[in-house]
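If you're matching them up, the sequences are chains A and B in order. Counting from 1, one number per residue, gives the positions in the first sequence under the working numbering. Counting from 295, one number per residue, gives the positions in the second sequence under the working numbering.
Be a bit skeptical, because a hint or two may be false.
Unchecked claim - Dumping the calculated DSS-like pairs for lysine-lysine here, alpha-carbon to alpha-carbon at most 25 Å: (1) A/249 with B/373; (2) B/553 with A/247; (3) A/247 with B/437; (4) B/553 with A/249; (5) B/373 with A/105; (6) B/430 with A/27; (7) B/430 with A/105; (8) B/418 with B/535; (9) A/27 with A/194; (10) A/108 with A/247; (11) B/373 with A/108; (12) A/31 with B/430; (13) B/384 with A/27; (14) B/521 with A/27; (15) B/345 with B/373; (16) B/313 with B/373; (17) A/108 with B/313; (18) B/560 with A/108; (19) A/252 with A/217; (20) B/313 with A/31; (21) B/521 with A/217.
Said to hold, decoys possible - Covered, in the sense of this in silico footprint (three residues per stretch, anywhere, with C-beta under 8 Å from a C-beta of chain B), are these stretches of chain A: (22) 25-31; (23) 54-64; (24) 119-128; (25) 172-181; (26) 214-224; (27) 247-253.
No lab work stands behind these hints, which were simulated from the structure alone. The structure displayed is predicted, hence computed values, not measured ones. By construction, the Cβ of each residue, glycine as well, lies at the ideal position given by its N, Cα and C atoms.
Letter by letter, the chains look like this.
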Amino acid sequence: MILSEKTNGDDKVDYTIDFVTSSVVNKISIKFIFLYIPILWVAGYMAVAVFFDVSRYIPWYINMLFFPIWLFILYFIFIFGIAIISKAFLLMINMIHKPKEGVFKAIKGDQDFEFWRLRVELKKLVFWVMNNGPLPWVVMWGFRWMGIQVDFSSHMQDAWSDEGFIEFGRNITIGQGAVIMSSMVIGQYLIIKKVILGDHSLVGGVAKIAPGTVIGKEAVVGAFTTTIPNQEIEPAWIYFGPQFAHKLKPNKYAEQRRDVIIQKDVDKEIKYEVQQEVNIDEDKKDLLNNKGDE
Amino acid sequence: MSTPASLKVGPHTTLVLVKKRYLIFYVFLIWISLFSIQFEFWWFWGLYNEKFIHFVLFLPLLLFVMYFSGILVSLIFAKILLVIVNLIHKPQEGVFLRDRSDRNYRYWSLRSVIKKWPLWISHKFPFPFMDNICLKVFGVKTKFSSSLFEGFIDTEFIEFGKNIAIGQGAIVQSAIIIGNLLIIRKTIIEDNVVIGVHSVVMPGSHLRENSILAGNSLTTVGFQGEKGWVYIGAPAKKFKKNVFFEEDLEEIIENQAQKEIKIDLKVEDLYTMRKDKEGKNENSDNH
C-alpha cells in the first residue's frame, strides 16, 4: 500500500510534505503571562536583594564609582536567575509530560500540542534574555542549559533555534538569520522530529532547516537554501536551492580543512615540454603536418 | 525564540523614511511613555524608608508593571495623535508619487512615524500577545489567537482572520516604495493561513482560508490566492492542494520519512519551460 497517495474519489491526493512552513506557535493565549510573571519576579528579586544587601555596607561614593560594574553584575544575576528558575519549571513540566517526537494534532486539547506550546513559551523567555546581551558565550550556554545538544566549538548566536530535539556535532557554523526548526505546523498537524547536524558542517545565512533533516559531516547548506522535511544532506557536498536543497557540487574545502593533507609526489615534479625534432629536409616538413588530411 | 531576540535580521516595526520634521512626534511619544515610568517609580520610592522589605520584594514586579504602563501610555497617545491626523487627512489606498508635494505620501510618512515607537517597544518584549494588542489599537482587525509576533507587519490596510501563524522573519506589507511611487493596497489574510519562514507578502495580496504560503516565497502585488492551496516560490505559484486539514493523517505523515521525496520535477514544472516537454504537450493537443 502506498501511503503517500490515498485515492480520494477519482483524484489522486498528494500527501507528501515537500515544503516548509514555520514553527511559530500558531495559537497563542494570554495565559502564558502566568508563566512569565513568577519567573521574572523571582529572578528580579534575586538581583534587587543582592544590590540592597551588599550596597548598604559600602560607602555611597564607592557605589557611585562602580555603578556600571554594579549594573553588569545585576544583569548577570538576573539572566542566570531566569535560566535557573525556567529550568526548574521545565523539569516539572517534563515530569508531567515527556516531550517526544512524532505527528500530533495541532488543536486545543491535544496534550502533546499544549505541552509543546508551553515549552516553547518557557524557553523563549530564556533565549530572549540571553540573546539580547552581547555575549556569545552566554547565548551558547543558554542553548545548552535549555536542552539543545551543542558545545562551545559551534556557534549559533545569530540564528533562530527551536526548543529542542536538535543535535549538534562539533565545530559547526550557523549563519545569520538561519532558522533551525525541529517542529512545524502544517494544517491541523504538528510535526516534531529531530534535526541532526554533523561535524564541521556549515549552514549559510537565512537558510531554513526543516524538521527531520540530517546534515552529514562537512556538508554545506548554502545561503537562502531550504531543506524539506526528512531530507538527508550527504556528507562533503554543497547543497543549494531556495525552495528545496539539491546537490550543487562536492565540497572541496573540506579536503583543505582536514588536518593531514596528502601531497602527491607526482604533482611536485617539474614537467618539461619537449619538442622532438625530426631530421628531414625542410621542403618535406609540411608533408608530416598534412598527414591527417590525406 | 522570538524574532527580535534570536533572529537579529530584518525590521520589526513599520517602514519609515527618515524625516527631520516628524522627529517631534517621536520624541513626544518616547517622553510621555518614559514619564509614566518615572512617575510610578517616584510614587513607589515612598516605601523605601517606611517599609524597606516591601520595597525590595515588589520592586521587580513594579518594573514589570512599569514596562506595561510604558507601552500602554505610548499606545494611547499614539492613538490620539493618529485620530487627529486621520481627521485632517483620511488614509487612502492607491498609487502615489513619492514626493513631498503628494499629500497622501506626506501623511503616510507621518502615520508610520507615530506608530514606530509603540510597535518597537511592544515587539521588544517576549510576550506573544503584546503585538496583537498593539495592532488592535491601531485598527487592524485581528484575533488574539493568531500569532503575529515573529514577523514584521504593517499596521494599516491589513485584515487578519483567526489562527494565523506568521513565520519567523516573514514580512506582511500593505505599502511599498517602488522607484518614485508609493503603493498602498489592502492585504487580506483569512483564517488558518500559515505564512512560512522568511516569506514576503506584498501589498494587495489576498490569501484565502486554509492556504499555506511556503517558506522563502514571495507574492506579487495584487496576488489572489485560492482556498486551500499551497503556494510556493518567488513569485508564488500553485503547488498542490492543502489536504492537511483532513482527519486521521498521522500515520501517513509519519511514513513520509521512509520515502525518498523527489521535488525537483515539481518545482521545475512550475518555473521552467522545458523544450522536450513543450513538444509533447503540443503533440497531445494536436491529436
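* Asked: the region 54-64 of chain A covered by chain B? Criterion: 3 or more residues, Cβ-Cβ distance below 8 Å.
  -> violated (count 0)
* Would the pair residue 252 of chain A and residue 217 of chain A pass a check requiring their Cα atoms to be no farther apart than 25 Å? -> holds, 13 Å
* **Hint consistency between residue 521 of chain B and residue 27 of chain A [alpha-carbon to alpha-carbon, up to 25 Å]** => holds, 21 Å
* To do: Decide if the proposed pair is consistent with the structure: residue 560 of chain B and residue 108 of chain A, CA atoms, cutoff 25 Å inclusive.
  => Outside the cut-off at roughly 34 Å; violated.
* Hey, residue 553 of chain B versus residue 247 of chain A, does the alpha-carbon distance stay inside 25 Å? -> holds, 18 Å
* Given the proposed pairing of residue 418 of chain B with residue 535 of chain B, does the C-alpha separation stay at or below 25 Å? -> The hint is violated at about 37 Å.
* Hint consistency between residue 108 of chain A and residue 247 of chain A [alpha-carbon to alpha-carbon, up to 25 Å] -> violated, 40 Å
* Are the Cα atoms of residue 373 of chain B and residue 105 of chain A separated by 25 Å or less? -> violated, 39 Å
* **Satisfaction of hint between residue 27 of chain A and residue 430 of chain B, Cα-Cα up to 25 Å** => With Cα atoms ~17 Å apart, residue 430 of chain B and residue 27 of chain A stay inside 25 Å; holds.
* Asked: Is residue 384 of chain B within 25 Å of residue 27 of chain A, Cα to Cα?
  -> This hinted pair is violated, its Cα atoms lying about 34 Å apart.
* How about the region 172-181 of chain A: do at least three of its residues have a C-beta closer than 8 Å to a C-beta of chain B? -> Contact hint for the region 172-181 of chain A vs chain B: holds, 4 residues under 8 Å.
* Please count how many residues of the region 25-31 of chain A have a CB within 8 Å of a CB from chain B and say whether that reaches 3. => Since three or more residues must qualify, the claim that chain B covers the region 25-31 of chain A holds, with 6 doing so at under 8 Å.
Hint compliance for this structure: hints 1, 3, 5, 7, 8, 10, 11, 13, 15, 17, 18, 20, 21, 23, 26, 27 are broken, all remaining hints hold.
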